[in-house]
Structure formats: C-alpha cells, structure tokens
Amino acid sequence: MDLGFALTQALSQAIGVTAIIYLLATMGLNIQFGYAGLLNFGQVAFVAVGSYTIGACVMTVAPAITSWWPSAESYILWIAIPLALLVSLLLSLLLGIPTLRLRADYLAIVTIATGEIFRLVVKSIEPLGGVQGISGKIGANFYALNPFPDVDRVELGLVTYTRSDIWVVVVGWIVIGLLLLLTWALMRSPWGRSLRGIREDEDAVLALGKNTYLRKMQALILGGLFGTMAGIFWVVAKQSVQPDSFVPDFTFFCYTILILGGVARVLGPLIGTIIFWFLLVFTEQTLITAVESGTIGFLELTQVGPIRFILVGVALMLLMIFRPQWILGDRKELALDAR
Amino acid sequence: MHRGMSRWVIAAFAFLGAFVLCAGVASAASPSITAIVTGGDKAPIAGVSVSVTGPEGFTGSGTTDAEGRATIEVPAAGQYIVKVDEKTLPPGETVKDGPERTVNVLSGDKKALFPVGIGGEPAGGEDSGSGAGEFGAQVLQLIVDGVVLSLIIALGALGLNLIFGTTGLTNFAHGELLALGAFTAYVFNATLGLNLIVACILALVVSAAAWGWGQNYLLWRPLRKRGTGLIAAMIVSIGLAMTIRYILLMIFGGDGRFYTDYAGQSGLEIGPVNITPKAIILSLLAILALTATVLWLRSSRMGKATRAVSDNPALASASGVNVERVIAVVWVLGATLAGFAGMFQGINNNVAWTMGQGLLLTMFAAIVLGGLGTIGGAIVGSFVVGMSVQLSTLIVPTQMKTGAALALMIVLLLIRPQGLLGKPERVG
Chain Y
2 MDLGFALTQA LSQAIGVTAI IYLLATMGLN IQFGYAGLLN FGQVAFVAVG SYTIGACVMT
62 VAPAITSWWP SAESYILWIA IPLALLVSLL LSLLLGIPTL RLRADYLAIV TIATGEIFRL
122 VVKSIEPLGG VQGISGKIGA NFYALNPFPD VDRVELGLVT YTRSDIWVVV VGWIVIGLLL
182 LLTWALMRSP WGRSLRGIRE DEDAVLALGK NTYLRKMQAL ILGGLFGTMA GIFWVVAKQS
242 VQPDSFVPDF TFFCYTILIL GGVARVLGPL IGTIIFWFLL VFTEQTLITA VESGTIGFLE
302 LTQVGPIRFI LVGVALMLLM IFRPQWILGD RKELALDAR
Chain U
4 MHRGMSRWVI AAFAFLGAFV LCAGVASAAS PSITAIVTGG DKAPIAGVSV SVTGPEGFTG
64 SGTTDAEGRA TIEVPAAGQY IVKVDEKTLP PGETVKDGPE RTVNVLSGDK KALFPVGIGG
124 EPAGGEDSGS GAGEFGAQVL QLIVDGVVLS LIIALGALGL NLIFGTTGLT NFAHGELLAL
184 GAFTAYVFNA TLGLNLIVAC ILALVVSAAA WGWGQNYLLW RPLRKRGTGL IAAMIVSIGL
244 AMTIRYILLM IFGGDGRFYT DYAGQSGLEI GPVNITPKAI ILSLLAILAL TATVLWLRSS
304 RMGKATRAVS DNPALASASG VNVERVIAVV WVLGATLAGF AGMFQGINNN VAWTMGQGLL
364 LTMFAAIVLG GLGTIGGAIV GSFVVGMSVQ LSTLIVPTQM KTGAALALMI VLLLIRPQGL
424 LGKPERVG
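If you read the sequences in order, they're chains Y and U. Using the numbering used here, the letters of the first sequence correspond one by one to residues 2 to 340. Using the numbering used here, the letters of the second sequence correspond one by one to residues 4 to 431.
Excised from the complex, chain Y in its bound form (with noise of 0.2 Å):
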C-alpha cells in the first residue's frame, strides 16, 4: 500500500484550493457563531452568492454589454467582485431583519431554509444555467494576471499544484493572512468586546446602552462577506458552478472545521481546515487505496465517499459532546449556550 501518496494529496489538499474555500467559510462563521453566538446554519448561501454573482456576470452579462463597452470581458472580474460583496450585504440585511431579535433556534432554522431557497430558486433559473449551472473561462481576468512561468506543474517541495491552481492558492493566502489580521484587529476592539458581550449575556450589553440588534446585524453582514469571499474562490478556481455544490452539509463541514479548531479564536479556523482537510483526504486516499489493492474486501469503490461524511458526522458528534473548545479554545470562551 502506498502510503506516500495519501500523504502528499492529503498535503496538498490541506493548504490548497478546497481548503482555502472552506477556510473563508468559517472564518466568517467564527465572526457569527464564535464571537456573536448567531447560529447561522446557511452560510452556504453567502458562498452560493458570491459564486454565482461572479458566475452570472462573467458569461452572461459581459457578452451583452460588448456592444457598447468593447472591452467589458477584460474588465468584467473586477466589477464583479463588489458587486458581490453588495448582493452579499443585501442577503444579510434580508436574513438578519426577520431573526435577528427572534431566539437563537429560529435564526438556525430560517438560515438553513434560505441556502435550500436559494438552491431551489437558482435551479430553476435559465439565465442562471439551470440545474447545470455556469461554467466557461470564469477567472479568465485573475489568470491573465499569472505571474508563474508557463509550465505544467510547480514543485513545491512535498506537493505539486498546477500553474493555475497555484497562482489561486498564493492570493488566496494572502487574503486568508489579510482577513485573518482584519479579524485579529476587530476582535480585540471595544466593538469586537461587545459582540462577545451580546453572546454571553445581551440583556447586559442592552443595558449598557449598547444597540445590540445592530452589532449583531454587522457581525452577519462581516461573515456573510467572507463567506461571498468563499464563493469568489470558488468559482474562480473551479471556472465552473453548480446549484447543487451549495446543500446544507457544506455549512455542517464548516461547524466541523470550526469547533475542531477551536470557536471564537482567531486562528481557530486555519488550524481547523488543516487538520481537518489533512486527516479527511488522508483517510479517504488510504481507504480507496486499501480496497483498490484488496487488502479491505468488504467495502466496494462507490462506498467509500460516503465514509467521508460519516468521519464528518461522528467527529462532530464527538467533538460537541466531550471536547467542544478542542485545539485553541478555552472553555470559558466558550458559553454555546448563552441565549
């Protein structure tokens, strides 16, 4: 059995493109769960905007607008990348007004209803592609600006990455370093203090005469942008969407990362995604290699995706019951329950 192999797509899955997705996912759902205590179970959907913002643009709306901007398809990236952002922000601000002052249980499952709204809606749209969705030359506009010599694949050390894939895995963790000190910043601010306030206890923070309605719609709003931010990588990396990328369990993967890493720590997500990545790609290539040599016969090929999500399902089982601060967290961060 080789073992190398696992070892090195393990490693290069754990700090490359899928990892950098779900990293911006959970940051923004560390912003929301970890320090505001929003129990956003629909961060998907950000994701799913800023995907399809792109995608939408990109192969849609540039091709339309050639006539009277001839040079729309070089430009069309950049625009779009705000305007996602903006639909982003919107989509907080639609969310957020209904649940926010509602209890913690009723945000949790209208989140969950609005990805799977937004999931059906888009399948069902034409111009949006339908149940195939959108693919084509997306990230054209970013890989124009590829500063990797033109070659096959680039070494680095233990992995390798296609060119492509490793211009989108160096800016990615460039954004990831920015964003991480942005939430670094913003955390140790008095705003990012009464966030945690409004966690534990936001009588109290009400009663310091704190608008805490607010605070909590700006936290959505920050990670909803991350999430979009998600989104962008995606279809950038991928140049190609599909409504059904965007089921719940992406959001569930996300809570996994989160609480592995530890909730309400800035650095709680990064470590999260690389263990978590690591340890799921190791053990699914170890697998698929053990029945493929038939040193495991009582497992075929097609059973062993799912294993993924059972790994997924009972390490949040798990980690939730015994050890819910794991890697960084500290149990008195940590009040899951203070509303």
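Treat the hints with caution; some may be incorrect.
To be verified - DEER-style ranges, computed between Cβ atoms:
| hint | chain 1 | residue 1 | chain 2 | residue 2 | range |
| --- | --- | --- | --- | --- | --- |
| 1 | Y | Thr296 | U | Gln141 | 54 to 60 Å |
| 2 | U | Thr66 | Y | Leu215 | 40 to 46 Å |
| 3 | U | Arg419 | Y | Trp192 | 32 to 38 Å |
Stated by the list, open to error - No more than 20 Å apart at the CA atoms, straight line, and that leaves these computed lysine to any residue pairs for SDA-like:
| hint | chain 1 | residue 1 | chain 2 | residue 2 |
| --- | --- | --- | --- | --- |
| 4 | U | Lys228 | Y | Arg324 |
| 5 | U | Lys228 | Y | Leu320 |
| 6 | Y | Lys239 | Y | Leu129 |
| 7 | Y | Lys239 | U | Pro47 |
| 8 | Y | Lys239 | U | Asp68 |
| 9 | Y | Lys211 | Y | Arg102 |
| 10 | U | Lys228 | U | Gly171 |
| 11 | U | Lys281 | U | Val201 |
| 12 | U | Lys228 | Y | Leu319 |
| 13 | U | Lys228 | Y | Phe323 |
| 14 | U | Lys86 | Y | Val132 |
Quick caveat, the hints were computed from the structure, so don't treat them as lab data. Since we're looking at a predicted model, the values are computed, not measured. Here a beta-carbon is modelled for each residue, glycine too, at the ideal position from N, C-alpha and C.
Following the hints, put chain U in place on chain Y, whose structure we already have.
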C-alpha cells in the same frame, strides 16, 4: 474519560454497529433502466430529468449524473416507457428521434440511449388549450396531492414538536427517523421477504424501540444528565443526521428503492382526480394516528403530564411528574409517528436515503408556522405547508415548490413570530 460516559459511548457504537449489521444483508437486485444522455461529441450531459412509466401505473424518475447516466429501478420485468424531459436539456437542444423510448426489461439493467443535438425535431407545442375545466381539474389534483403530503409532514412534525416541547431540542436528525423507519420496513420486506403489511408493523416496533427509545436512552438522556446545552445538542443532532444519512447511502446506494408489494399500483379515477388506493388507505391510517395522538395528549394521564412538562419541566417535576419517563414516552411516540411517515412516503413514492432530509425543512416550516411547541400548531402548520408546496406549482416551477413553502415561513416570522397558534409570548 468518565466511566459512565465511556459506557454509553460503547453502547452507542454497538447500537450503530447493530444497525449496520441488520441492514447490511440488504441488497435485493431488482431490475433497472439506465438512461444515457450524450451530447454532440458523445460528451455526457448531467442534470437531465428522466421519467419512466410502466405497467400497473408505475412511475419513477431520476436525474442524469456527471456521466450522463440516470438509473431508475423498476419493480418487475415488463415494458416501460422512458422519457427525457427536454426542458432540462441545454437550451435549444433536443433528443434526436424523439424524447421517448420503449424498453423491454427482463432482468438486470437495461440501457436506453438518448443522443442529443441542436436542431432535430422541435419540442412541439404542449400546454396548449388549458381551458377553465382543465385548470380546475389540475387544482383539484394538486389539493388531493397536497392533503397526502400534509399528512406525511404532520406525522413527522407532531413528533418533532413534542420532542422540542418537552426537551427543548431542535432535532435536526428527526428527518432521519423517517428514513430509518422506511428502510427498516424495506429490510423486512425486500430482504427478508415478508409481506409489506407485516414488515411495516414490525418496522414500527423497531422504530419505537430502537430508533426512538434507544436513541433517547443512549444519546440524549446522558447528554441531558451532563447538562449539555441546547445549542450544543442541536449541533450533535446535525452530526447524527449526517452519520445516519450517509450510512444509509453506503449500505443501500443512491437510487430510490421500492417495496416488493403495491409498488406499481394503478390509480383510481375519481372525477377529474387520480389517486391510488394505497394512498387513500394510508391517508386514513394517518388521520387515525394523528387523531389518536391528539386525543391521548388531551385526555390521558400521560398526555397531560407531557403537556405539563412542555409548559414548565421544573414545575411538572415538583408536582410529581416523572420528567424522564415522559421524555422517553415522547421519543417512542415521535419515532413511531415518524417511522410511519417514512413508510407512507416509501410506499407512495420510493425509499431513498435523502427522504428524511428532504422533508425535514418542511417539517420545521410547519412547526414554525403553527407555533413552536404547540400540538395543534404542528398539524395546522403541516397543512399550510403541504398545501402551499403543491399549490405553488401552479405559479412557480416544480423544482421551486419547497422553496415557496420555506419563503412563506420566513414571511410569517416577520408578521407573527409566535406562529399561527402560538401564545404571544416573547420569543426573542
């Protein structure tokens, strides 16, 4: 690790293991049809809806995967008509030589090829001449379908709401109780070869004992004893839901399965409405079960105790109510009702690993609409949701129908956060 804790972790894994074992034997090979949809350069086309109709009113459907294949299981050998929904093809493309194929199934897998290209025959002008009478018939049919769906949702939502009321748990794994019930019946029926009615009765007993009482005893009761918070418990239920769902996928595979009896029952034409006898009988049984549950909650000692615990567990406990016993009864009741809902759905349509997840959000919508924690509210809410899911197809595309019901829930939260029947107490 705490000693008591490790004991129940072992027990929980034994419980899961037993489930895997008991279901592991299930792999009855029924014949199937695989539709293969390919484009101009033999490239597969994903996401195309394929429907199959056959003898005795059998209908089935599927969507093509990344390899352009959709496999639909059929109950028995015979002649089937496979049809591709051309609306789901890429714009402007049609199936060469028509979207329908007649397939003779003997045993095993039969393939039907659908080469797709631009041009070809036009899709033809359907949906013309829908006069007033036809529209009325369509509405009536949707109302009947809506009642059936509402009853299935109500069976699930009632248990979900009772569990929420007595324990405060927002149980995201309640949909899996439906799926577990349906698959347990499938194992008894298709694998062990029992008659479907016997299989369902046995599966109800298993639902009550293992999936209800057992789940509470092994998982939720120890968590309550440890003082695990409600939000933590909610996240645990998400993990549980995911675990159960993908174990079902691993064992039974991704395609919908059919019980060996009553699978292809032909519908009765009652006026303009088409309904199968099995749906009528199941609906009557569902109404009976719902009525009995509501009466029991209203008049029996245990029922009154249940409502007392829902109102105020501490006060109920101080008045001599055994709260843990009430919660155990509620789990048994909830799992039995949910198991029945799953079998209802399974007999009426098919048994699929996603069936619980698909209905979970409509159940949540139902109890939020009706009023979280109220008994009448769960049933009223279920009918509002079930009807709006079906009737919304008059206005929105079929794929969006669940979305319409969920949107209705969000709008209602804006206007009346406590739900239709909820007490106007503070929920925020």
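How the hints compare with the structure:
1. The beta-carbon spacing between Thr296(Y) and Gln141(U), approximately 57 Å, falls within the hinted interval of 54 to 60 Å.
2. Remark: the range hint 40 to 46 Å for Thr66(U) to Leu215(Y) is upheld by a beta-carbon distance near 44 Å.
3. Hint check: Arg419(U) to Trp192(Y), Cβ distance near 33 Å, so the stated range 32 to 38 Å holds.
4. For the suggested pair Lys228(U) and Arg324(Y), the alpha carbons sit about 16 Å apart, so the restraint of at most 20 Å is met.
5. Taking the CA atoms of Lys228(U) and Leu320(Y), the gap is near 17 Å; set against the 20 Å cutoff, the hint holds.
6. With a CA separation close to 17 Å, the supplied pair Lys239(Y) and Leu129(Y) stays within the 20 Å bound.
7. Restraint check for Lys239(Y) and Pro47(U): the C-alpha separation of about 19 Å stays at or below 20 Å, so the hint holds.
8. At roughly 18 Å between alpha-carbon atoms, Lys239(Y) and Asp68(U) fall within 20 Å of each other, so this suggested pair holds.
9. For a cut-off of 20 Å, the pair hint linking Lys211(Y) to Arg102(Y) stands: about 15 Å separates their Cα positions.
10. Under the criterion of a C-alpha separation no larger than 20 Å, the hint pairing Lys228(U) with Gly171(U) is consistent with the structure, at around 14 Å.
11. Taking the CA atoms of Lys281(U) and Val201(U), the gap is near 15 Å; set against the 20 Å cutoff, the hint holds.
12. Between Lys228(U) and Leu319(Y) the CA atoms are separated by roughly 16 Å; this keeps the pair inside 20 Å, and the hint holds.
13. A threshold of 20 Å between alpha carbons decides the hint, and for Lys228(U) with Phe323(Y) the separation of about 14 Å falls inside it, so the pair holds.
14. Straight-line distance between C-alpha atoms of Lys86(U) and Val132(Y) comes to about 18 Å, which keeps the hinted pair within the 20 Å bound.
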